[in-house]
Amino acid sequence: MKSYLFKRLFITLSSLFIAFCISFLVLEYAPGNRQDFDRVKLLEAGVTGASTQTSPFSFSKFFNRVLQMAQGNMGESLTFHEDTKNVILKHTKTSLVYWSVSFTLTILFSFTLSYFACFRLGNFSYALLRNLCLFFYKIPPFLVALLLLYLANMILPTAWFKMEEPTQHFQLNTLLPHLWLPVVAYLTFLIPSFFLQLDTWIQEESNKEYLIALNARGFSKKSIFFRHLLPNVCPLFLSIFPLITRNLLVLSVAIEVTCQIHGFGFLGFLSFTTRDTPLLLTLFLFSCTLELTLILLTDILLRSIYFSQDRLVHA
Amino acid sequence: MLKRILFLTVFSLLIPFIASEKPLYISNDKKITIQSIIPYGENQFFDGQAPLAPSLEHLLGTDDRGRDLLVRLLYGFRNNFLYCLSLSAFICVIALLLGVGSVILSHPFKGLLVLLTESLFCLPFYFLLIAILSVVESSHGIYFTCLFFFWPPFALLVRSEASKVLTSNYILSAKAMGVTKSRILFFHLLPNCLTPLKAAFPLVFSGLFSLLAYVHYLGIASFEPQASLGELLSEAKSNITNPYLVFAPLIACLIPLSLLMPTKPSKVLFKKLQLYYLSYFERMENFFRQENRLTRFIKLPKQMSGERLRN
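Taken in sequence, the protein lines are chains E and D.
Each step along the first sequence adds one to the number in this note's numbering, with nothing skipped, and position 24 is 24.
Residues are numbered in this note's numbering as their position in the second sequence, beginning at 1, plus a constant of 1000.
Worth flagging that the hints you see were computed from the coordinates, not collected in a lab.
Hints should not be assumed to be uniformly reliable.
What follows is a list of derived Cβ distance ranges for each label pair [as the list claims (entries may be wrong)]:
(1) D:1191 x E:90: 53 to 59 Å
(2) E:13 x D:1203: 26 to 32 Å
(3) D:1045 x E:85: 46 to 52 Å
(4) D:1007 x E:217: 51 to 57 Å
(5) D:1191 x E:241: 37 to 43 Å
Idealized CB from N, CA, C, for every residue including glycine.
Produce the complete structure using the sequences and hints provided.
In structure tokens:
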């Protein structure tokens, strides 16, 4: 287990290093880099004689950048004229609201559906449910968001889905009426993915002998599901939880652009359109660190579950 | 699955014959001209207040710039499909070579390849793509980013299959018989490692298709002046009250994604109808032969439970 942990940490650090190298090269040497920006500032200030060429690569510059990042200096956003960390934190607050609502509803619905799939549905209904989940799993959520926006335009008043002023976005009372659109768009992807995985585990678990014995002894289906099946499946479910949450980061860009919510994903889109390279690359490093942490957590949880199961079997 | 991909490829190659501004054939004396079924081009503009409503001339109407929507959809599908097909093929080849290489190469190279694969697997691909496309402003940026960063999960799949194949009995006996390594590699290892890739190819393709539509929808990249489905979706967002502009590209995106799904919903319905018309004994036989999906929790058919009680 220790060697596995060290191996995973080593891979995580190497991935972070690759991500940092990419961000450094793009920030320092790509067109529209920091040096070009500083040059434009000097020209605007009327300073003559500024160098028009980008300085060549040097290791000292690379290590200085590493030190700056280690001290928490991620640079200033060219659009917001503020520290990039503060900008990201403000916008992430908005996204966290509807992410948490989506997740809670996903867990409730997926467990309810798995209970019905286990005991209440016939073969045909169960197969139909699984095929529907597979179908919705394939549909990109931004298409669902677009369809919902069209339906909202037809049916609902404008205030229910149009967000015009960015200043309102960080206030919860003005944000809440607009949450339904991104939440529903997320649910069409998250519920099928959670349900399919949960159902597969429940099927595997339900063929075990202790459950057959419980049923033969006359235990009710509800007690079998809630007192025996679920507790055995929950650790596995928790282990893929971090892996599926990384989809939130990916999907947030298109959904927030469609729904006009100024959250984490919209910030990424805005930084791209305004070529705000420091902000874009801070976002990239932040999402990279978060994803790597989530994947490491998943690996450790899965490994500890199977490790403990192996120890029980061999004992 | 291969047949569906082949059908879609042939269809996309025939689209210039279905919809084209220029005639397909003009005789030498210019008396005979053969026009395509839809005589409009991808970038042919029509007069009138765009977007025009559907009519006999324009079956789905026009987009917000006055171009025929059906033709834009066909060409958008064609451009997206062929782009993703070629990219998926290259990614599968890279995944195959690197996956097999990470198993058969000698130690330092093997370790480096495994480290590279697992490190790239952990990078947030979409944000990386956005960061790279902010610098490389063309569709080539997507192509090369996907070629460099999209293959790791599939290489890991090939690697697990290759390590399983290498320990199988027929490979061990081939080695014992003195078969050369290159022969084992090209005649046994590579063909057997194609099996998981064949299963994963629809996933690669549908992932890339969604990615391309996603990127073009956001406006991060485009095929301008050529059509693309993502661009049509972006126009749909700008004209959200127009149902044709919204539903047409939506359905055009969903058709290839659903065609390349592994299961067919129609099979379920057919099975239900089949069961309804079968005789009692055939139904019992099917009941006992079906997969063990919690059969102990499912109620037995009434006739059968009655017989059991009598017996």
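Okay, the hints, checked on the actual structure:
no. : hint                       : result
1   : D:1191 x E:90: 53 to 59 Å  : holds (55 Å)
2   : E:13 x D:1203: 26 to 32 Å  : holds (29 Å)
3   : D:1045 x E:85: 46 to 52 Å  : holds (48 Å)
4   : D:1007 x E:217: 51 to 57 Å : holds (54 Å)
5   : D:1191 x E:241: 37 to 43 Å : holds (38 Å)
This entry satisfies every hint, going by the numbered hints stated previously.
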